[in-house]
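Novice: Work from the hints to combine the two standalone chains into their complex.
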Amino acid sequence: MFLTTARVRKKETVARNCFTLSLKEEKIASHCTPGQFVHVRLSMGYDPFLRRPFSVAAADPAEGVFRLLIQTVGEGTRLLQGIQEDQPLDCLGPLGSGFVPGEAPYFLVAGGIGAAPLLFLAQTLSKQNQPVRFYYGTASEAERVPLHAWLPATVEQIDATEDGSKGFSGRVTAALDRDILQGIRPGQIMACGPEAMLRELARLNATWKIPMQFSLEERMACATGACQGCAVEIAEEAGMINYLRVCREGPVFEAHKVVEFHAKASS
Amino acid sequence: MQKLQVELGSLVLKNPFMAASGTFGFGEEYANIMDLQALGALVVKGLTLKPQKGNKPPRVVETPAGMLNAIGLQNPGLDSFLARELPRLNQQEIPVIVNINGAEESDFVTLARELQDVPGILALELNVSCPNVKEGGMAFGTSPAVLSSLVEKVKRVCGIPLIVKLSPNVTDIGEMARAAERSGADILSLINTIKGMVIDTHTARPLLGNLTGGLSGPAIRPVAVRMVYEVFQATGLPLIGMGGVMSLQDALEFFMAGASAVAVGAGNFVAPDTIPRLIADLQSYLERKGMNSPAVLTGLAHGSR
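Residue numbers (my numbering), protein chains in the order written: chain A, 1 to 267; chain B, 268 to 572.
Partial list, derived from the structure: chain A residues whose beta carbon lies under 10 Å from chain B:
#, residue
1, ARG41
2, ALA223
3, VAL232
Honestly, the hints are just simulated from the structure, not real lab data.
This one's a predicted model, so the numbers in the text were calculated from it and none came from an experiment.
Virtual Cβ for every residue (Gly too), placed ideally from N, Cα, C.
Chain B on its own, in the form it takes in the complex (with noise of 0.2 Å):
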């Protein structure tokens, strides 16, 4: 057997895949049809300080090999997530990262500074790319000065790995990262969601009750790929890499774009026994290969560097 445990920095992972952040809930949906603790990490449905009631309906739509989502992070709050959704988690062993968000700086930092050192917590994802909310969202995401003032006072009190997760609504995606590298990001994580629309032909409106949402699936990975291979070059930062991947192939075109991790978004709701899939995919092919480790994979579309 080989191994497939990953270190980003100082986070270990037992293997490079991950469910991404509002795709798997708290975990409790999927807990039936699959072992929750074979995942890599399960990055919890964004959290609040405060519950969140989440937008009007309709809230998703398919689209051309992928979907636009507008959920509006609709979540129980951080007291319920504490009360009742962790400690399940935790008692089942699952390797819990808590994607943060909020309206203000001061938001995200009371909600670092209570979950850094929560038992159970293996890293925090500050979520500045959300394109559905109306305050905060990727407004933190797409000015590097913003990103920068967020991320140092966030870092300040978290004394776990801190993730950031990056905005692909940006001209140059590079800068974003460095800023976010600069004021003490340990990992980053891209893409968020694409923003988009879909027009309903027969009312002559946004079919989406909140107008635009976040495009995702096999539609964007080229895009996100591209993203990871130039931020792989921007920052010395390990990387988890997402957007539209549904087998092992679509995996390793992102690890060999730079990412050390990837992770799973739509490709859960299409097939649920995505993330099974890849890591039983991915030890097979390093056997195959005679490769000792996913790392071995991260980042050799740039050649020699």
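Looking at chain A on its own, in the form it has when it is part of the complex (with noise of 0.2 Å):
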């Protein structure tokens, strides 16, 4: 974990209410791995007065430069996106534990700016040479990031769009249903997106049984693991329940171990 300045190299408007910042900085760059998060620093005044998490999207150690997918959806992202290029970002990270390697084929199933650690994920496999199915979920069109400028030529992508403006009319997660059911079965899939999906994909996964691992978001003050703000409940070995640290355990977690994703999924 560093405290740094990192430099806005390109800002780039790639969907509705949706950016991309390249940041150089070299030893973000080449320590961070997939799932792995940085913590951005908005304003020197007082308000928004937090930092707030964003997964690396993409990592380029040998330039020195790593990218954020970033939505705005508040105050702190829209003032994150008046920032204009050459400035200053601080920056706190890599910080967080990310995806840990499983089975071949990965389908990676994104819901919405979910896409973000997963676009990440998907470039570190395809350079190790493992098959990769990317499921890509939004509302509609215009929330579609291209990914197809992320992703490597291998990795094939599912798009799913709820209003069916684009490729497959539903919930991505019934995309990947329909595929399973197909017998397109992958050996694990990685997940990050909005509860109600991570929360269907629990579900679902009760039938499919295949190692799931998704990506969480918790509200977070410190990230590093020091004030234990982000706390989401594991069920750990021997049964014991505890709260562990989205920011430090976390953001990764096996999917079975949520235990607010299975109180739920199975009553």
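Specialist: Given below as structure tokens:
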């Protein structure tokens, strides 16, 4: 983990309410792994007060550049959208525990902005010649980030929109369920997206029984593990249920250990 | 070089800047971005006899110029602290103050007895002001009689400096300070967080899992400075001031109001290098002003008393 100043190399709007930042910072670019995040200070004033966590969406150690994919949802991200090329950005990172290799083939399931950590993962797995399918769901076509600019040609992309404006018509989880029922089966699922999507994956996996990892989101203060603010209930070995830190033991957890999705999925 | 050393009674710190309890864990988290030996003291995460699971999430929420937290004293308990955390802190020669908590008087007394002669612990901080636990916590710090009784019993078994951390959630903080002083407190630290609430307007329910939380950050600084000012007049005890310190300017307000040392809390989350920066800035401030010790600043706002 480094407390460092990155410089904005490039800012680009890529979809409705969605932009990318390419940031020059060698230490973060060369140390981060898929699933990790950086904690970004948005203002030198006190409003907004806290930093914001963003998953690393790509990293190029040779260039010393990493990329963030950001959706403008509130005051903080709107402020960040106003940053100009060449300006400094105070970053703490890389932070957290990322995705753990599993069994190929890998199916990555992204809901909306949840694509960010999975893009980095897809790039890394492809470099290791692992077969990857990338399921990408959004509400409509207007929200879609042009992932082909990020994804290696070997990665097969499956599109889903809830309004049917692009690809499979319906939820991305239904697209995945259709494929698995037809015998297109992964060795490992890695997912990131809205809570409802993760909950549905947990429910469907009661039938599929495939190893699955989730990248979770929680309100954070320090993002280093010190404050214990971003707690999530995790069922550990020997039936113990404890609060673990999304910023430290996570953000990636094995899906079957995340208590909240199980309790409600089975009821 | 000016000497930054300060003395709070028999507690000697190499500089007046401390990390506030609950904002620096057990030091491990920030070890690779700063030299923890540079801290005046590290007040470790609130400790209880037995491990505590903590409160239901969400536990933190941002507020204007601050945040609410309701962690609920999640900690590994006394045995694990002594076996795992303290040896590591001692090995790195980090000045440690242990913040102790309990549901009953006997919990505090047992913790104080077990910890007071353990090498490497400079002082104990009695947490009678946590707004986020159902048992004990703030209940010990909002009635002078209850506070007196607790401080007296803990003091009896505690051979090292005893700090009492005061709650701002009282009508007259001077009265609480006097009660702590009468019962044997060596040092007072203030303020703990101010009890608050945020409503989630989508669900029409309080946002935090614990419903209420403790407010910290620059939003509470004027309240904290006022309380340090009042307690300085109410007692003769050395004071540790805290509440929204982000810069030397903020720390100077606390010194001038009457603090001998200053703790940084939520500021660590926003700028993890706050304490090293304060140390360097105080150093150059004292040189510029021709002052030979931070102690010169303490209580300046009161004029000649």
